[in-house]
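**Q** Take a look at the letters that make up each chain.
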Amino acid sequence: MTVVHYGSQAVAVAEGETLLSALARADIQVPNSCRSGVCHSCLMVADSGAIPPRSQAGLTAQQVARNCFLACQCLPHEDMAVSLADAERRYQAVLVDKQPLNDGVLRVRLKTDMPWFAGQYTSVWKSPSEGRSFSIASLPEEGVVEFHIRRRPDGAISGWLERELHEGDSCELSTARGHCFYTPDCNDKTLLLAGTGTGLAPLYGVARQALAQGHQGDIHLYAASGSPGQLYLTEELGELAQRYANFHYHPVAKRDVEEHPHVQQGDLVDVVSRRHGNLKQYRVYLCGAPAMVRKLQKLSFLQGAAITDILADAFETPA
Amino acid sequence: MSLYEKLGGDAAVDAAVDIFYRKVLLDDRINQYFDGIDMAGQAQKQKAFLTMVLGGPNSYTGKDMREGHKHLTGLNDTHVDAVIELLGETLKELGVGDEDISEVAALANSVRNDVLNR
Numbered sequence: 001m002t003v004v005h006y007g008s009q010a011v012a013v014a015e016g017e018t019l020l021s022a023l024a025r026a027d028i029q030v031p032n033s034c035r036s037g038v039c040h041s042c043l044m045v046a047d048s049g050a051i052p053p054r055s056q057a058g059l060t061a062q063q064v065a066r067n068c069f070l071a072c073q074c075l076p077h078e079d080m081a082v083s084l085a086d087a088e089r090r091y092q093a094v095l096v097d098k099q100p101l102n103d104g105v106l107r108v109r110l111k112t113d114m115p116w117f118a119g120q121y122t123s124v125w126k127s128p129s130e131g132r133s134f135s136i137a138s139l140p141e142e143g144v145v146e147f148h149i150r151r152r153p154d155g156a157i158s159g160w161l162e163r164e165l166h167e168g169d170s171c172e173l174s175t176a177r178g179h180c181f182y183t184p185d186c187n188d189k190t191l192l193l194a195g196t197g198t199g200l201a202p203l204y205g206v207a208r209q210a211l212a213q214g215h216q217g218d219i220h221l222y223a224a225s226g227s228p229g230q231l232y233l234t235e236e237l238g239e240l241a242q243r244y245a246n247f248h249y250h251p252v253a254k255r256d257v258e259e260h261p262h263v264q265q266g267d268l269v270d271v272v273s274r275r276h277g278n279l280k281q282y283r284v285y286l287c288g289a290p291a292m293v294r295k296l297q298k299l300s301f302l303q304g305a306a307i308t309d310i311l312a313d314a315f316e317t318p319a
Numbered sequence: 001m002s003l004y005e006k007l008g009g010d011a012a013v014d015a016a017v018d019i020f021y022r023k024v025l026l027d028d029r030i031n032q033y034f035d036g037i038d039m040a041g042q043a044q045k046q047k048a049f050l051t052m053v054l055g056g057p058n059s060y061t062g063k064d065m066r067e068g069h070k071h072l073t074g075l076n077d078t079h080v081d082a083v084i085e086l087l088g089e090t091l092k093e094l095g096v097g098d099e100d101i102s103e104v105a106a107l108a109n110s111v112r113n114d115v116l117n118r
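Sequence order for the protein chains is A and B.
When you line the first sequence up against the numbering used here, it's residues 1 to 319, in that order.
When you line the second sequence up against the numbering used here, it's residues 1 to 118, in that order.
Isolated chain A, as found in the complex (with noise of 0.2 angstroms):
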C-alpha cells in the first residue's frame, strides 16, 4: 500500500487500485471523462515520487518534463505528492535588477524559488489581483528568472515595473505555465524559432537552453520587428552564433533596413516559409504576434512539421 499526498491530505492507494478512483474514495474530485488514457481529462502533476511509466503514454514530451501524468492509469508504486496540472499558487520574487535593452524594451531580473523551463510564462503580479503576463528568458541554472518587458508609458504593469518597483523591492509570481520550452528528444531535429517583438524573450531561452544541453540539429531564430532599431540583444546573438557553428541568427524587419546589411526585410511569415520549405524533422517554437503565430502554425503544419512539433505562444495583448 503507498500513500499519495493531495494538499493536506493523505490516501492511501490499495494495491492495483489508480490513483482517481484511491482520490474519488477520500473525496477528491479530479476531473475526469474516460478513464482509458485517451481525454486526458484527470491530469495531475506528480511535485515527489516515482511517476509510473505507463501513466505517462501519450503524453507530450512537455508535459512528461513537467512530471504530468494521468491519474486513471496511475498505479502508485512508492508514496507521492500530487496536485492538479492546472493548480496555481504564487511565489514571492524580489526584484534583482532592471535595465532598457534598447527604447522600447526593458529587462527585469527577479529572484524567485519559483521552478521554471526557459520558454514559460508566468504572471507578474503588482497586486493580488492586477497581474500581466510575461514569458522567461533565462535558464533555472542561472538563478533569476528575467523577462523581457514592452516599454508602454501608461501600461499600468509595465510601468510600474519601470518607476515603481526598485531593488530589493518583493512582488508576487504564479506558476510557471506553458509548452513553449526545450526538451532534449529533440536534439537531432533542426529548430526553427521565431518571434515578433518581446517574442524573443521566451526564444531566447529556448535556444540558450537547447546549446547549454548540447543540441546536435541546426537552431535557426528569427527575430522581427517593424525597423531594425527595434531589434534588440543582436549583439548577444550574433556572439552566439560566432561561438556556436549550429546557431544561426536571422533579424528580420519589415522597413529601413538599407544601412543595417544584416537584416532582412520582410514579413517575417514570407521569410521563414521561403527559406524553410520541407518541415520534417523540425521542432518549431514560434511567439509574439497573434496573427504572425497562427499563420506560421498552419503553414509549418502544412510544411511537414508534425503537430505535437509546433509549439506555440501568442502574446494576446490586454485590451
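Any given hint could be a false lead.
Listed next, the in silico DSS-like pairs over lysine-lysine satisfying Cα-Cα at most 25 angstroms (straight line) [said to hold, decoys possible]: (1) K23(B) / K295(A); (2) K92(B) / K280(A); (3) K70(B) / K92(B); (4) K280(A) / K295(A); (5) K23(B) / K92(B); (6) K298(A) / K23(B); (7) K6(B) / K45(B); (8) K254(A) / K295(A); (9) K70(B) / K45(B); (10) K45(B) / K280(A); (11) K6(B) / K92(B); (12) K189(A) / K280(A); (13) K126(A) / K98(A); (14) K92(B) / K45(B); (15) K23(B) / K6(B); (16) K280(A) / K23(B); (17) K254(A) / K189(A); (18) K70(B) / K23(B); (19) K189(A) / K98(A); (20) K295(A) / K45(B); (21) K45(B) / K298(A).
Bear in mind the hints are in silico, worked out from the structure with no lab data behind them.
None of the values given here were measured: they were computed from a predicted structure.
Once you have looked at the hints, place chain B on chain A.
**A** Chain B only, in chain A's frame:
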C-alpha cells in the same frame, strides 16, 4: 483485435491525425470551419475521434459531438461526407484495407446526426 491495436495504438493515431488534419486544412469544401482555431486543441479532439472510430478506448458521447458542432452555421451532409472521405484516404495511406476502411466509415457515419444536431 481492434483496428486501433492492429495499427499500433496511441502513436499510430498521432501519425493518423497529422495526415488527416493536413487533408482537412487543404480541402476547400470544409477548411473554412477550421480557420483561426486552436490547432493543438483541435488535434487533440481529432485524436479522440480517430481513436473512437478505430475502436480504441474512448469516452465518446453524442452530447460532446453535438455541443462541439452546433455553433457552425451551414454545416450539412456534404461536409460530413467530405470528412469521411478524407478519413478513408488517410487510412489508405497508412495501409489499411478496404474492408476495414468501410467499417471505420460506418462508425464515423454513426455520429452524423449528432454532428448535424438533428
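**Q** The structure should be examined with respect to each hint, and the outcome stated for every one.
**A** Evaluated hints:
1. K23(B) / K295(A): Measuring from Cα to Cα gives roughly 17 angstroms; hence the hint holds.
2. K92(B) / K280(A): Distance ~21 angstroms between K92(B) and K280(A) Cα, so the pair holds.
3. K70(B) / K92(B): Answer violated: K70(B) to K92(B) is near 30 angstroms, above 25 angstroms.
4. K280(A) / K295(A): Holds, at about 18 angstroms.
5. K23(B) / K92(B): holds, 13 angstroms
6. K298(A) / K23(B): holds, 12 angstroms
7. K6(B) / K45(B): holds, 21 angstroms
8. K254(A) / K295(A): holds, 17 angstroms
9. K70(B) / K45(B): Holds. K70(B) to K45(B) sits at ~16 angstroms (cutoff 25 angstroms).
10. K45(B) / K280(A): Measuring from Cα to Cα gives roughly 23 angstroms; hence the hint holds.
11. K6(B) / K92(B): OK: K6(B) and K92(B) at ~14 angstroms, within 25 angstroms.
12. K189(A) / K280(A): holds, 9 angstroms
13. K126(A) / K98(A): holds, 16 angstroms
14. K92(B) / K45(B): holds, 21 angstroms
15. K23(B) / K6(B): Holds. K23(B) to K6(B) sits at ~23 angstroms (cutoff 25 angstroms).
16. K280(A) / K23(B): Given that 25 angstroms is the threshold and the Cα spacing comes to 16 angstroms, the pair holds.
17. K254(A) / K189(A): Distance of about 29 angstroms is beyond 25 angstroms: violated.
18. K70(B) / K23(B): holds, 23 angstroms
19. K189(A) / K98(A): violated, 35 angstroms
20. K295(A) / K45(B): holds, 21 angstroms
21. K45(B) / K298(A): It holds: about 17 angstroms lies between the C-alpha atoms, which stays within 25 angstroms.
Hints 3, 17 and 19 from the list above are not met by this structure, while the remaining hints are.
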